[in-house]
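Trainee: Okay, here's what each chain looks like letter by letter:
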Amino acid sequence: MSSPFTKVLDTMTRLRGVSACLVVVAEDGISVDSNLQFGQDGGRVAALAASLYRKARQSALAAGLGATGFLQLEADEGRLCMLGGPELILVVVADSDANVGLIRVEMRRAAEQLQ
Amino acid sequence: MIKAAVEPWVEEPLGKFVKDAGVRLALLLLPSGQVMAQYGFTRALDVMSACALAAAIFASSGEMGKLLQGKSFSALHAGGNPQFFLAEAQTARGPYIFLTVFDQESSLGLVRVFYDEFKARLAAAAPPPVSQEPVLASNFEGELNRNLAFLFGRA
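Heads up: the sequence lines are chains A and B, in that order. Note that the numbering used here has the first sequence beginning at 338, numbered continuously upward. Note that the numbering used here has the second sequence beginning at 2, numbered continuously upward.
Careful, some of the hints might be misleading.
As the list claims (entries may be wrong) - Calculated lysine-lysine pairs in the DSS-like style (CA-CA distance at most 25 Å, straight line):
#1 A:Lys392 x B:Lys20
#2 B:Lys72 x B:Lys120
#3 B:Lys20 x B:Lys120
#4 B:Lys17 x B:Lys120
#5 B:Lys20 x B:Lys67
#6 A:Lys392 x B:Lys17
Said to hold, decoys possible - Which chain B residues stay away from chain A? Per the calculated CB distances, all over 12 Å, these:
#7 Leu26
#8 Ser61
#9 Arg122
None of these hints come from the bench; they were simulated from the model. Please read all numbers here as calculations on a predicted model, not as lab measurements. Yeah, the Cβ is synthetic: ideal placement off N, Cα and C, and Gly gets one too.
Just chain B, same shape as in the assembly (with noise of 0.2 Å):
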C-alpha cells in the first residue's frame, strides 16, 4: 500500500492541491532531503532519487539567486513536456521543499494557483515545532529509509 505522508497533518493539504491542480506527481520533502508525503511515485527509489534531487537543485538555486538578487529564488520552472514546478514552502515546523510534475492536463497558472493556496493550508495545518535532532551523515540513512518504508507499506 501506498501512502501519501509521513506525518498525517500534511495529507489534507497535499492530496487537494493534487486534485484541484491536476498534477501527475507530487512530493514534499525536508532541505535535508528526507521525503515527507508523496503523490504518484510508485517506486521508493524513485523517490528517494527525485528527493535528493530536488534538494540539490533548491540549494544550488538559492545560492545563485543569492549571487544574482540578494536572496533565494522562490520559486523554479522547468518547462516542456513534462513540467516541473520547485519551491518552497515555510510552516511553524520549518522550512519544506516542494517538486510537482505536471503535463499538459494542467498549467504553470494552475499549479502556481493553487500551490499558494497549499502553502497557506500546510502551514495552517502544521502543528508546533518539536527539538529536532540535527541531520547528521549518521543518522540520515536510517532516517530516509524509514520514511520510504512507511510511505511503501514496508514499515
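Chain A on its own, in the form it takes in the complex (with noise of 0.2 Å):
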C-alpha cells in the first residue's frame, strides 16, 4: 500500500547505511509512514525523535538563532538526523559508517516535498 510519502521514504531507505526513515507530525510524535527494518520499534523512535526535534527547535528559538534546520544525534552504534518544518519531520536512522552529507542532501530534497 503506497502513501504521498512512500517515494521520499524509498529513496532515503535507498541511500547506503540508511536502517529506517520515518515521516513524523512534528506536534503529536506520532509516525505518519515509514521504512522500518524488522525490530524496529517505528512509534517509540518517532516519539522519542520529534520530542527531540521540539526541544532544539526551542532551545534554538531561545538562543535567538532563528529555525532549527538539519540535527544530527551521533550515538555508539550510528546517527539520528531530522529535518522537518512546523507540522512534519524526516527522521532518518543510519549506521556510523553512512555518508551523512549524501544524506543531508537527500533529506533537505525530501523535506520540500513534504511540506
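From these two lone chains plus the hints, build me the complex, please.
Mentor: This is how it looks when you write it as C-alpha cells:
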C-alpha cells in the first residue's frame, strides 16, 4: 500500500547505511508513514525523535538563532538525522559509516516535498 | 502532604510514567470512580471531580465503542491545549482507568509509548487479587473520602 510519502521514504532507505526512515507529525510525535527494518520500534523512535526536534527548535529560538534546520544525533552505533518544518519531520536512522553529507542533501530535497 | 498513591505498589510505575512522559497531571482510578493514585493535583475536590468525569467518560465511550465496533475503545485522546489521554489498564487486581493531562512539553506519541510501559509495569507490580466487597452506593462515598483523605494528608 502506498502513501503520499512512499517515494520519499523509498529514496531515503535506498541510501547506503540508512536502516529506517520515518515521516512524523511534529506536534504529536506520531509516525505518519515509515520504512523500518524488522524489530525496529517505529512508534518509540518517532515519539522520541520528534520530542528531541521540538526541544532543539525551542532552544534555537530561545537563543535567538532562528529556525532549526538539520539536526544530527551521534550515538555509539549509529546516528539519527532529523529535518523538517512546523508540521512534519523527516527522521532517518543510519549506521555510523553512512554518508551523512549525502543523507543531508537527500533529506533537504525530501523535506521540500513534504511541506 | 500530598501522597501519590493509596496503595504503594502503584507509586513506582506512576512516578516513572510522569517523569518519562513529562505530563502535567496523572490519575489512576477504579472503574467505579475511586481514586487509587494521582500526580499533579493540589486539591482533593479536583481529584474527586476528575475521577467522576473520567469514569463516566470511559463508561460511555466504552458503550459507544461496543455499538460501533463491537468492543470498547482501548484509549481516548482529546487534542487542544492541554490535551488528555484516557485508557484502561488491566492488572491481576482487575481493570483500572488511567487519565493523564499534558501540554506542549510532551506529546501524544510520548504519552502512548510510555503508557504502554506503565501498563506493563503496573501489571507486573500488582499483588494477587483480594476478595473485594462490591461497590455499593452505601459505602462508595465512605471509601472515596477515605482515599482522598489519604492522598491529601488528612488520614
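Trainee: If a hint holds in the structure, say so; if it doesn't, say that too.
Mentor: Hint check:
no., hint, result
1, A:Lys392 x B:Lys20, "16 Å, holds"
2, B:Lys72 x B:Lys120, "20 Å, holds"
3, B:Lys20 x B:Lys120, "15 Å, holds"
4, B:Lys17 x B:Lys120, "11 Å, holds"
5, B:Lys20 x B:Lys67, "34 Å, violated"
6, A:Lys392 x B:Lys17, "21 Å, holds"
7, Leu26, "19 Å, holds"
8, Ser61, "25 Å, holds"
9, Arg122, "16 Å, holds"
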